[in-house]
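Undergrad: Kindly produce the complete structure, drawing on both the sequences and the hints.
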Amino acid sequence: MKTKYIIKLALKNLEFHKLRSLLTLEAVAVGVGFTVFLISIGYGLQMISIGKIADLNSSRILDVTSTKPQEVKINDDAIKEFKSLGGVSQVAPQVSIGGKIKYKTSEVDSVVYGKNLDFLDLEDMNLERGRLYSSDQAKEILVTTSALKMLGFKDYNKSLGKTVTIETVIPAQLLSSKSDKSVEKKQKCKIVGVLRDEKVPYVYVSLNLIKAQGVVSYSGAKVKVKESDRVEIVRKQIQNMDYKAESNQQTIEQANQIFSILKSILLGVGLIAIFVAYLGMFNTLTISLLERGREIGIMKALGANSKDIQRLFLAEALCLGLIGCFEGLTLALAGGGLINLAIEIMAKSTGNLPVKLFYAPILVLFISFVFALMVSFFTGVYPARRAANTNPLDALRYE
Amino acid sequence: MAQAEQKKSPIIETVDLNKEFHIGDRMLPVLRGIDLEIYDGMFAIVYGPSGCGKSTLLHTILGLEQPTTGIVRVDGIELFKMGENERANFRGKRIGMVFQQANWIKSLNVVDNVALPLNIAGWTEEKAKKKAINVLQLFGLKRLAERQPGELSGGEQQRINLARALTTDPQIILADEPTGNLDKKAGLELMTLLKSLNEKSNKTIVLVTHNPEYYRYASQLLQMEDGQIIGNLLRDRQSEFKPVTV
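Chains H and G supply the protein sequences, listed in that same order. The first sequence finishes on residue 398 if you use numbering that gives the first Met the number 0, and the numbering steps up by one all the way, no holes. The second sequence finishes on residue 245 if you use numbering that gives the first Met the number 0, and the numbering steps up by one all the way, no holes.
Hints in this document: simulated from the structure, not taken from any laboratory. From a predicted model like this one, the values you see are computed outputs, not experimental measurements. We put the beta carbon where it would ideally sit given N, CA and C, even for glycine. Hints are not guaranteed to be accurate.
Said to hold, decoys possible - Pulled a few chain G residues facing chain H out of the computed Cβ check, cut under 10 Å:
| # | residue |
| --- | --- |
| 1 | Thr55 |
| 2 | Glu124 |
| 3 | Asn133 |
Unchecked claim - Just a sample of chain H residues kept apart from chain G, beta carbon distances all over 10 Å, derived:
| # | residue |
| --- | --- |
| 4 | Asp120 |
| 5 | Phe152 |
| 6 | Ala303 |
TA: See below:
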């Protein structure tokens, strides 16, 4: 028998028992769809979390600090050295010191960060209102929402353009002089931007302004590596120079591990559904085999061989699996799409950033598809073999 | 005619054919040393009481029932020297089988059921369908082509059953009580159809029946009892039956 004819006959047989075939392939569809749906939610959650930890850029950025701030200093020489390392594209230092922000009669203790624009470029920050400083020389600052609250600003917009006094206490280790006394400095600056942080009060000032106060060493630096596979090498090189260098690659790896476990659990749950679906399919095929004994008998009497019969039953199993699987994947993708759409609509109405909770990689779809077909095939093997071994005369013997 | 044909080799031949069925521990002999020759163009009718082995003999000639010992030759080829698949192939091409019940493939309509043996033989669907329609037309059944076979009358079903057996143009037609479920009129119609196939298309027919009314259609009458052939009569077209002398 030609394969094309076998497939046609298989489809006709399935169509003949419409309800039974429909129920069976719906079960397969639900099983496959459910599994793909669950795993895709797992992927979605992973993408959201990892995305929160880092975008692709930040996984290539190392945070460098000194392990012994008294002895090993991060100064311009060190920065030069970092820049000379192979694969490094950008190095930006920063300083963090204690200080106060004063506005009219109120004041608030705050951390003062000295960061130039190149540093801000490497940093993930939430600029809520306003803008960055116009240049590294401008006497302009960014202030967190919590600091503004403590200074008495109810409307953050009103803080923009106001001039505040920044008092800093520069520790001795950042200064060039050999003395171990810290130095107090004052500077009037204009607020140009508001950073979102409801908990910690701090301000961003350009590093150049802090350097003008005599600072020569830095609290830390960000080192950006061109390619992500160089990150670990650069990290080791910097550590060998007695600095501490961290990237969030490790954090991402840990998170990924947790999500692998989560996805495995989801997969396990889905596989149970698939198993039940295929039990149903096995049942359907066996019943069909039992009631079609005479058909098998007459086909053999008309010249069909055992292989033909086996292929016919396997084809019926594969058709059920194939159609069920297609439907399942469609259902999963449609369901996932609806969920993403619902989240997007909700996010838009509440002013949040939309996230994709459902994310189905092509590979997952492909593997599910192949897997479902394979299971269909194996489910069909036993009934097909039994059908092939049917003795036609026993089947045709009339009562 | 019988004299002339005996010089040729028979189209169906069995030599010392024995078949035993095992029922639990007991052995039940069903065919006991059957030597049979049926020549091309004969209309052979096998009759005898229930359980005498008529159907088993037919199934052995069809190549579906493996004999315990003995030889079955069809067209000079030993059936049971072939492998199962080869035998299925041979059966599909050379022998048309008509059972008492048609045993339709329920999901297929009349024309697709009639085309089934051709599709089994590996014809393209298009050619198979064309041929099936031709055969149906020949039988005056074309109007039923798109119907479901199960909805038709018994007589119609058996005529279509015969059409199905003929699509592959086999030289031999085996029929196992094809009129068993038919009323008298439909039975006679089917017998007339078989007779005309025998006379006009020179098909060799082996038919098992209970009904003595049909003996007159035969050119060879085989009487069976208890697994043996106890009577073998031959005749020319309209003459009297004469016993076969071997």
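Undergrad: In ascending order, which of the hints set out earlier in this document are inconsistent with the structure?
TA: Checked against the structure, the hints that fail are numbers 3 and 6, while the rest are satisfied.
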